[in-house]
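Trainee: Make the full structure from the sequences, and use the hints.
There are 2 protein chains.
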Amino acid sequence: MSLTVVGSIAFDAVKTPFGERERMLGGAAVHFSLAASFFTEVRPVGPVGEDFGAEQFEVLERRGILTDDIERVDGGKSFFWRGRYDYDLNVAHTEDTQLGVFAEFEPKLSEQSRGADTLFLANIQPDLQRQVRAQCRQARLSGLDSMNLWIETAKESLLAAIAEIDCLVVNDAEIRQLTGEPNLARAARAVMDMGPRAVIAKQGEYGAALFTESGFFALPGFPLEDVRDPTGAGDSFAGGFVGYIDSQDGDLDEASLRRAMGYGTVLASFNVERFGTERVAELTREEIEERFAQLHAMTSFEPLPARAE
Amino acid sequence: MSLTVVGSIAFDAVKTPFGERERMLGGAAVHFSLAASFFTEVRPVGPVGEDFGAEQFEVLERRGILTDDIERVDGGKSFFWRGRYDYDLNVAHTEDTQLGVFAEFEPKLSEQSRGADTLFLANIQPDLQRQVRAQCRQARLSGLDSMNLWIETAKESLLAAIAEIDCLVVNDAEIRQLTGEPNLARAARAVMDMGPRAVIAKQGEYGAALFTESGFFALPGFPLEDVRDPTGAGDSFAGGFVGYIDSQDGDLDEASLRRAMGYGTVLASFNVERFGTERVAELTREEIEERFAQLHAMTSFEPLPARAE
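Taken in order, these protein sequences are the chains called E and Y.
Final position of the first sequence in our numbering is 326; the numbers increase by one with none missing.
Final position of the second sequence in our numbering is 326; the numbers increase by one with none missing.
Quick caveat, the hints were computed from the structure, so don't treat them as lab data.
Everything numeric in this text was worked out from a predicted model, so none of it was measured.
The beta carbon of each residue, even a glycine, is placed where N, CA and C say it ideally should be.
It is possible that part of the hints are untrue.
What the hints assert, rightly or not - Reference listing, derived: stretches of chain E covered by chain Y, where coverage requires no fewer than 3 residues with Cβ under 8 Å from a Cβ of chain Y:
hint : stretch
1    : 133-143
2    : 174-188
3    : 285-296
As the list claims (entries may be wrong) - Residues of chain E placed beyond 10 Å of chain Y at every Cβ, according to the derived structure:
hint : residue
4    : Arg-40
5    : Asp-68
6    : Glu-88
7    : Arg-101
8    : Gln-155
Mentor: As structure tokens, this is what we get:
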């Protein structure tokens, strides 16, 4: 199985109440790829600048991520994001965004990345997402993430992109904003009417909900007493989710989708334990399976009948 | 088994995007009692005014609720709340609160309500909660709800009340505010250090989380496409939760607590389908069991190992 992901490959400056980093590896495609790498073969697609060096490539390659489609632009600067979180870690305050080499990015996928079984369009401008989708026609399964900025500034293009994919993975507020429907269950149904067969609503520390034609499923966030940096949690969720689905031949049957929700939840929870990619880069499959089993135990109950009065 | 609850017995005026009611039966003890009445014998304790008549008593008595401890004050007016919800149904905007007979309320429990197996102190001034707790010493299990107002204006008394009960059932924001700890898992542990053996964090449409010494459990809100009025959802949750626990001899074992979380979730979901008490007042135990089974199906997954790559 194989998985291609397009999205930002970046440097992040992040400050939270628990510490700060001035320049660390980040970006949606990076967090996604690291999480997915535990389940399948991943190829991130996207441009980086001259400032992106051996140290950064090594973090990816140590996890077996195939970096041939990361395009290093001579004289360019990598995408850069600076953000801050206060005590409410659900809210990121963006202080600076520098597109760098992403401003001129024209996706040109290699033959290998075009031939992937599964495609994920992480959060970038929706016209770019559509260009990548058009080059990757063979994918049996495709997913997409987006953000409020594109709903506000490029809605027509985003709706066209959504119509071409199988699985939408966004924050619940974005599903409401996209559809203009405040009720999440109705909003998810409105998205499915646009084309996708599955809609995942990411809900920060509250977890994530899955809507399909056949029903509803939800998991809480894994409870942690030490959350240091939520940056990339949503991308790690998507990477765990889509990576697991790809490893199961891309089947969107209900049982696989639910397990994939579990792996997404687990990867997101590891991601936030330390800054940036620090935790997931050194994670093991054994740790993932152990937490997956804990998550299962934390969400199971036995439906015995209540005693009649 | 038997359950005594003290809290507001009220009239509510509510406006939501889906309709409005000028004067309907409401109050924490009312919503709690109706929900709990499906599981056990319930006695609400509290004062009402002359405006509280046969029609209101009938709603309670049709559900088998024992109304002897509802004290009708001559010449008095019942507690009145006016509120409004916009499209974000998680946020209630209070427009008017009239304490009425609650301003002079001095709890005097009957012998029967003092002898209850289980006691629930719904959201009222914490000194009143403590007076009731002191009169109801035999209860094997006691729970308490509160709100931001009392954390801000009567914190010492509230902390003393919490130290005397087994189970705190409040909104997650209130657990954070009460403890000054932004991380929910740490905040819940801080509450358990004060005395309670179980802490339930109500999370609106996201569901509810349970913290005990032995672990963590969480359920999503039951997904509904038609939510008309969230007033009383938290009280209905508490009523379903505590009512079920009481029916199980007040055992706080993990399996019972988890099923109780399920029944709380189910009762809250029915409550919001129509205004005020309209839906729960006509609910059947069969409908409850059917939705409980659906909730179980919506939250179960099978932890098969992922395929190795």
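Trainee: Hints first: check each against the structure and report whether it holds.
Mentor: Going down the list of hints, with the structure as the test:
1. Note: the stretch 133-143 of chain E has 0 residues with beta-carbon separation from chain Y under 8 Å; the three-residue rule is not met and the coverage is violated.
2. Evaluation of the coverage hint for the stretch 174-188 of chain E: breached, as 0 residues show C-beta separations to chain Y shorter than 8 Å, against a requirement of three.
3. A stretch counts as covered by a chain when three or more of its residues have a beta carbon under 8 Å from one of that chain; for the stretch 285-296 of chain E and chain Y the count is 0, and the coverage is violated.
4. With a least beta-carbon separation of about 27 Å from chain Y, Arg-40 of chain E lies farther than 10 Å from that chain, consistent with its non-interface assignment.
5. For Asp-68 of chain E, the shortest C-beta to C-beta distance to chain Y comes to about 32 Å, beyond the 10 Å cut-off, and the non-interface label holds.
6. No Cβ of chain Y comes within 10 Å of the Cβ of Glu-88 of chain E; the nearest lies about 26 Å off, and the non-interface call holds.
7. With 10 Å as the threshold on Cβ separation, the claim that Arg-101 of chain E sits away from chain Y holds: the shortest Cβ distance comes to roughly 15 Å.
8. Every C-beta of chain Y lies more than 10 Å from that of Gln-155 of chain E, the closest at about 20 Å, which supports listing it as non-interface.
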